[in-house]
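I would like the entire structure built from these sequences, with the hints used as guidance.
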Amino acid sequence: MTTTDTSTGPVTGGAVTGAGTTPAPSGVENLPFSRALNAGLRRALAESDRVLLLGEDIGPLGGVFRVTEGLQAEFGPRRVIDTPLAESGIVGTAIGLAMAGFRPVCEIQFDGFVFPAFDQITSQLAKITYRHEGALQMPVVIRIPYGGHIGAVEHHQESPEAYFTHTPGLRVVSPSTPNDAYWMIQDAIASPDPVIFLEPKSRYWPKGEVDTTARALPLHASRIVRRGTDVTLVGHGAMVTTLLQAAALAESEGTSCEVVDLRSLSPVDYGPILDSVRRTGRMVYAQEAPGFTSLGSEISATVMERAFYALEAPVLRVSGFDTPFPPAKLEGKYLPDADRILEAVDRALAY
Amino acid sequence: MTPTEDSVPTHTSTPADSAVVRILAADGTLTPSDAAEPYLALVEALTDAELEGFYRDMVLIRAFDRQATNLQRQGQLALWPPSLGQEAAQVGSARAARPQDHIFPSYREHVVARIRGVDPIDIIRVMRGLTHGGWDPTDPRNGNTHIYTLVLGSQTLHATGLAMGLVFDGRCGTGDPERDEAVIVYYGDGASSQGDVHEAMVFAASFQTPEVFFLQNNQWAISVPVATQSRSPLHKRGAGYGMPSIPVDGNDVIASWAVTKVALDEARAGQGPRAIEALTYRMGAHTTSDDPTKYRTSEEERSWARRDPIERMHAFLRGRGASDAFFADVEAEAEAVADDARIRTTQLGTIPVDTMFDNVYSEAHPLVDQQRQWFAEYEASFGEDS
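Here the protein sequences come in this chain order: E and P.
Per this note's numbering, the first sequence runs over residues 1 to 351.
Per this note's numbering, the second sequence runs over residues 352 to 737.
Because the hints were derived from the structure by calculation, they are not lab data.
Honestly, I wouldn't trust all of these hints.
As the list claims (entries may be wrong) - Reference listing, derived: stretches of chain P covered by chain E, where coverage requires no fewer than 3 residues with Cβ under 8 angstroms from a Cβ of chain E:
no., stretch
1, 512-518
2, 614-623
As the list claims (entries may be wrong) - Where chain E lies over chain P, by a calculated footprint (3+ residues, C-beta under 8 angstroms):
no., stretch
3, 550-556
4, 707-718
Heads up, the beta-carbon is just placed ideally off N, CA and C, and yes, glycines get one too.
Spelled out as structure tokens, the structure:
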């Protein structure tokens with residue numbers, strides 16, 4: 001399958017090279033998300049020779065987003081495997097490799113190209129433990145760069161999370177910060193269950209602090225990233241940044257917003273969300289994906305079931321439209337921005 | 352392209368083709384084809400006990416298969432995919448595998464599973480609706496035999512992945528045939544149209560996996576003839592992926608054994624993947640939900656019945672002097688196997704509702720746990736009436 005030119009974003013590839021960039025296993029580093037992932041993968045590869053990476057162009061090129069840069073040079077072509085160009089083949093053989101005792105980490109090059117592997121993920125990978133009555137575990141990670149904001153062409157900007165959260169047997173997570181990228185990829189690899197690991201591609205380049213000595217949270221915990229008292233804003237991945245922008249704007253207008261980063265999309269950690277809603281009485285959920293039968297639909301319904309008497313307004317959803325992801329020149333109108341979120345905040349406050 | 356009716360043969364090639372490896376003619380006489388030449392020394396080394404064992408395997412599993420078909424008709428099983436007619440391809444290939452080899456069956460390989468040690472009642476459990484799996488492939492008693500999957504061709508990728516793992520771990524090509532491992536994966540002519548089979552062959556060739564792709568061309572994908580799956584004989588496809596690809600008379604158990612043994616030996620020794628097309632015929636329905644009279648002729652069925660794998664081997668063994676006592680013993684054992692299947696099926700009982708929530712994940716998952724608890728309380732709310 002074709003991919004976008006890698007010049008679609010400020011790729012850090014030229015500035016840093018392979019093994020020399022490994023953060024020491026102690027201390028705090030300031031890293032872009034993609035380098036944090038690279039460091040997390042390197043640490044997992046170094047800690048167990050059963051960990052394998054496989055995908056298209058992940059070897060000498062380091063992947064189109066350079067997430068695996070330098071890893072093949074360091075660990076060799078049997079640990080970091082450039083596969084034939086076949087997504088079902090990547091996931092299907094990863095299943096067999098897991099049966100042989102490996103812990104494969106697959107890279108799907110872009111969100112829209114995961115669908116040729118959809119059968120192997122949903123009909124096979126997700127069900128193998130159930131079908132084997134627990135006799136086999138499936139410690140397979142599927143990394144998928146996803147989401148908009150990079151001005152790419154069709155099939156390169158989608159948010160397919162609901163297909164996977166709808167499938168029993170899969171775990172689905174999405175880090176939004178470099179620190180989470182570093183730890184969550186290691187936790188996903190350590191999980192005995194299959195994990196769909198969604199990487200918000202517009203977040204690959206901004207830097208953030210990575211504490212390589214201490215894991216902040218378990219893989220499936222959600223987190224309150226900003227405190228507030230009037231409205232709870234919930235989202236994941238790149239949308240967390242947009243929610244924080246909206247909260248800052250709201251603050252200047254006198255409204256105090258709390259922001260919750262889901263981190264785990266399946267299972268959802270409802271504790272911090274419900275605690276927050278019980279304090280604020282209002283909630284707005286925001287996502288890039290189309291709204292109909294989406295993660296936002298599920299979470300808003302659950303919050304209304306569990307926190308009905310705490311709510312001063314119905315949970316409101318802000319999402320991409322129920323259209324195909326539009327041509328890139330329109331993505332700024334399609335994707336929820338801070339203004340669309342604030343419009344929903346205003347509606348919630350008006351009840 | 353939609354083939355016109357008169358241009359559609361029911362099969363792409365028949366066991367009469369000279370390129371097909373065949374040891375026994377349909378009448379049971381030792382009549383090797385030209386293509387069988389490289390295998391004759393192996394065949395000559397087969398002992399009477401081994402040859403009689405092939406026959407016994409086929410007869411026993413046919414009795415089991417007939418019993419299972421009857422059990423389905425009597426409402427004891429949800430579904431049954433009969434293996435009637437395909438016993439030679441399955442017995443020959445399964446007997447060619449070494450204990451350390453790994454087996455990825457499709458959903459009709461009842462003979463293969465039994466030979467590898469899987470208790471046939473475990474297959475019954477799947478078709479009775481008691482489990483999606485029913486046996487543990489990692490339990491040594493099951494001979495590294497994986498469970499059935501109903502999605503066509505999916506298992507060819509799993510087999511290839513496992514075979515890649517064997518390569519990465521140095522578990523083949525060591526020069527020690529007692530230790531080297533290989534994988535054999537079964538699929539059918541219908542599955543050969545699936546993209547996963549293509550991708551599996553691409554990966555297998557790229558990574559030179561120790562693997563045998565064992566295609567049983569039984570001529571029909573439910574009601575669709577093999578000509579709709581492929582306009583060229585399926586055994587020619589292997590060459591396109593860069594692997595040797597051998598057509599064999601799948602109703603000849605000796606030929607099926609010899610071809611598979613050589614292919615597995617070569618794969619185990621590190622020479623890469625091989626493809627085998629076993630030309631055979633599904634004499635029964637695709638499954639018990641199917642009615643073959645709607646899509647194929649009785650003349651075709653009769654022509655294949657004349658190539659029956661068991662009768663062929665029976666005639667061959669008779670010609671070699673096998674005793675009446677041997678045949679009587681096999682018949683008695685077959686009857687016992689069938690009786691055992693019937694008795695144990697009716698004793699299977701049911702499964703606790705709670706198992707629905709088991710093993711969805713390996714680690715605790717709050718959503719599943721909450722639903723398990725809710726359902727238990729809901730059921731309990733009916734008290735004694737539940």
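So, going through the hints one by one against the coordinates:
1. Under a criterion of three residues with beta carbons nearer than 8 angstroms to beta carbons of chain E, the stated coverage of the stretch 512-518 of chain P is upheld, 6 such residues being counted.
2. For the stretch 614-623 of chain P, the assignment as covered by chain E is violated, since 0 residues bring a beta-carbon within under 8 angstroms of that chain's beta-carbons and 3 are needed.
3. Check on the stretch 550-556 of chain P: 4 of its residues sit with their Cβ under 8 angstroms from a Cβ of chain E, so the three-residue criterion for coverage holds.
4. Only residues whose C-beta sits within less than 8 angstroms of a C-beta in chain E count toward coverage, and the stretch 707-718 of chain P has 9 of them, enough to reach three; the restraint holds.
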